[in-house]
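Q: Letter by letter, the chains look like this.
There are 2 protein chains.
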Amino acid sequence: MTSPQTKTSILIIGGAEDKVHGREILQTFFNHAGSSDAQVAIIPSASREPAIQGDRYQKIFEEMGAKAIRIFDIRERDQSENPELHSFLEDCTGVFLTGGDQLRLYSLLADTTLMDKIRLAARQGKIALAGTSAGAAVMSHNMIAGGGSGESPNRSLVDMTTGLGIVPDIIVDQHFCNRNRMARLLSAVAYYPGCTGIGIDEDTCTLFEAEKRFRVVGKGSVTIVDTSRMSHTNAHEVGATDPLSLFNLKIHVLSHGDSYNLRSHRPIAAPRNPLSKELS
Amino acid sequence: MTSPQTKTSILIIGGAEDKVHGREILQTFFNHAGSSDAQVAIIPSASREPAIQGDRYQKIFEEMGAKAIRIFDIRERDQSENPELHSFLEDCTGVFLTGGDQLRLYSLLADTTLMDKIRLAARQGKIALAGTSAGAAVMSHNMIAGGGSGESPNRSLVDMTTGLGIVPDIIVDQHFCNRNRMARLLSAVAYYPGCTGIGIDEDTCTLFEAEKRFRVVGKGSVTIVDTSRMSHTNAHEVGATDPLSLFNLKIHVLSHGDSYNLRSHRPIAAPRNPLSKELS
Chain P
1 MTSPQTKTSI LIIGGAEDKV HGREILQTFF NHAGSSDAQV AIIPSASREP
51 AIQGDRYQKI FEEMGAKAIR IFDIRERDQS ENPELHSFLE DCTGVFLTGG
101 DQLRLYSLLA DTTLMDKIRL AARQGKIALA GTSAGAAVMS HNMIAGGGSG
151 ESPNRSLVDM TTGLGIVPDI IVDQHFCNRN RMARLLSAVA YYPGCTGIGI
201 DEDTCTLFEA EKRFRVVGKG SVTIVDTSRM SHTNAHEVGA TDPLSLFNLK
251 IHVLSHGDSY NLRSHRPIAA PRNPLSKELS
Chain V
1001 MTSPQTKTSI LIIGGAEDKV HGREILQTFF NHAGSSDAQV AIIPSASREP
1051 AIQGDRYQKI FEEMGAKAIR IFDIRERDQS ENPELHSFLE DCTGVFLTGG
1101 DQLRLYSLLA DTTLMDKIRL AARQGKIALA GTSAGAAVMS HNMIAGGGSG
1151 ESPNRSLVDM TTGLGIVPDI IVDQHFCNRN RMARLLSAVA YYPGCTGIGI
1201 DEDTCTLFEA EKRFRVVGKG SVTIVDTSRM SHTNAHEVGA TDPLSLFNLK
1251 IHVLSHGDSY NLRSHRPIAA PRNPLSKELS
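In the order they appear, the protein sequences are chains P and V.
Numbering (the numbering used here) for the first sequence: 1 to 280.
Numbering (the numbering used here) for the second sequence: 1001 to 1280.
Hints may contain errors.
As the list claims (entries may be wrong) - Below, simulated DSS-like cross-link-like pairs (lysine-lysine); rule was C-alpha separation at most 30 Å, straight line:
1. V/Lys1212 to P/Lys250
2. V/Lys1126 to V/Lys1212
3. V/Lys1250 to P/Lys212
4. V/Lys1007 to V/Lys1059
5. V/Lys1007 to V/Lys1126
6. P/Lys126 to P/Lys67
7. V/Lys1212 to V/Lys1250
8. P/Lys7 to P/Lys67
9. P/Lys250 to V/Lys1250
Stated by the list, open to error - Chain V stretches covered by chain P per the calculated footprint, using a threshold of three residues with CB under 8 Å from any CB of chain P:
10. 1023-1035
11. 1174-1186
12. 1215-1225
13. 1236-1244
14. 1261-1271
What the hints assert, rightly or not - From the structure, some residues in chain P lie toward chain V, with a derived Cβ separation under 8 Å:
15. Pro153
16. Asn180
17. Asp201
18. Gly220
19. Ser221
20. Pro267
21. Pro271
In case anyone wonders, no lab produced these hints; they're calculated from the structure.
A virtual CB, placed ideally from N, CA and C, is assigned to each residue, including glycine.
Between the sequences and the hints, there should be enough to build the whole structure, so can you do that?
A: Spelled out as structure tokens, the structure:
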């Protein structure tokens, strides 16, 4: 299932990943981090309860048989300069960003040397990097900081800010179908039409094994909003709470095993199940 | 605003239309029904409280100055044979279907002579026909009877049955952004790929003034899901609760004044506001 020779291993998880039963997504991260050779850093800084979050993931990766685990319990920016963390990072094979508040995570980690090292290592394929919920949102450069639901797409439905920019040219939203976030993702891409919107359901992730290509792993779906052929919008003419018009968006709903190429804007279907082939 | 010479006047309303202030949608229906010459039939049969619903709309159309109003309070199928209703229908200029339960509405009206007359009159442009919420759902031939939300698109998320078939080749969903119904509309079109999905927000409607073309009126948006170029789905290979894959759907988010042509699958932008032109 894992391919140790892959260049990158970045997992953007839609939140509420299974922590008890099959643990498919966490196991995928763990395998990409080297399985029994894994040396994992857990960063619970998004959370207001970092100790609880850190312990929770530590136990899981211990049970999986990690070689070493360290919780990077950064609650103030200058804690990121702790030499022990930098030392652990040298032999680290996987970094996991927990859920919480993406603004908090960003304010603690952005532009720190530690984060620069993590981003570089992830891009170079030296570590597997995973983020769930807030840890997923922060992966993009243009980040959804928050917003509402239950309304027609409109500018005031989404708060945009800057993220850590691990994967460029995308806007991530999480808990996607679960929390009625289509309208807010549409509102986001209306103002960043160069970005591909990626809505990730709970217990579902996008696994980037190459710079611009990902595969879906997990129980739910990943909704792609491709604005590259958008022919019309009123986004820059209307007031903040007026409903938006957006013509000619392409969307793809991807499920387990499907892939997507961000460069060509093309989805690729999962290899067909031989059993279902017989049935059809 | 109204064009009395138009061929058809069918309003599919996403529910919760303004009944107090501007009443834009109800006024649009009323104008299309002939304004002060309007003779309106209200059918509250979808509702479990038909008397309350009927009275409510009766007061509104009275205030607007209708020439005649009659509540078709059909609670049993054979009540639709009442000659008084058929007599009223002869000079009727507008029929309004209230909200409630679309299955109830369907079971009371489907295949009755009364409904056949209403459908024919609407198609011939002799009456304005409006339906809100349940009254909107029932307009399509393949009708969403109910379903869930908060899940990835999957077959069990939507219950499909037969509607009154006023407007063919569409599947209507209402309270759309308001109640997180994107996933269920996607689930519906996955199994009826010849149909265009139309998700209508509250206090918003699609006004058909020609057989295959509508304009958006109201406060929210109308989301079009065009499956005509869908390149892949696993819909017929997976189990009822497995997440669906749907590649290459086109979506358009339309707001007030925008139009859509169901034949060409093309959206048309609202004429531009001269003020916003100056600003841009």
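Q: Hint by hint, say whether it matches the structure.
A: The hints, checked one at a time:
{"no.": "1", "hint": "V/Lys1212 to P/Lys250", "verdict": "holds, 22 Å"}
{"no.": "2", "hint": "V/Lys1126 to V/Lys1212", "verdict": "holds, 17 Å"}
{"no.": "3", "hint": "V/Lys1250 to P/Lys212", "verdict": "holds, 22 Å"}
{"no.": "4", "hint": "V/Lys1007 to V/Lys1059", "verdict": "holds, 28 Å"}
{"no.": "5", "hint": "V/Lys1007 to V/Lys1126", "verdict": "holds, 8 Å"}
{"no.": "6", "hint": "P/Lys126 to P/Lys67", "verdict": "holds, 16 Å"}
{"no.": "7", "hint": "V/Lys1212 to V/Lys1250", "verdict": "holds, 18 Å"}
{"no.": "8", "hint": "P/Lys7 to P/Lys67", "verdict": "holds, 22 Å"}
{"no.": "9", "hint": "P/Lys250 to V/Lys1250", "verdict": "holds, 5 Å"}
{"no.": "10", "hint": "1023-1035", "verdict": "violated (count 0)"}
{"no.": "11", "hint": "1174-1186", "verdict": "holds (count 7)"}
{"no.": "12", "hint": "1215-1225", "verdict": "holds (count 3)"}
{"no.": "13", "hint": "1236-1244", "verdict": "holds (count 6)"}
{"no.": "14", "hint": "1261-1271", "verdict": "holds (count 3)"}
{"no.": "15", "hint": "Pro153", "verdict": "holds, 6 Å"}
{"no.": "16", "hint": "Asn180", "verdict": "holds, 3 Å"}
{"no.": "17", "hint": "Asp201", "verdict": "holds, 5 Å"}
{"no.": "18", "hint": "Gly220", "verdict": "holds, 4 Å"}
{"no.": "19", "hint": "Ser221", "verdict": "holds, 4 Å"}
{"no.": "20", "hint": "Pro267", "verdict": "holds, 5 Å"}
{"no.": "21", "hint": "Pro271", "verdict": "violated, 12 Å"}
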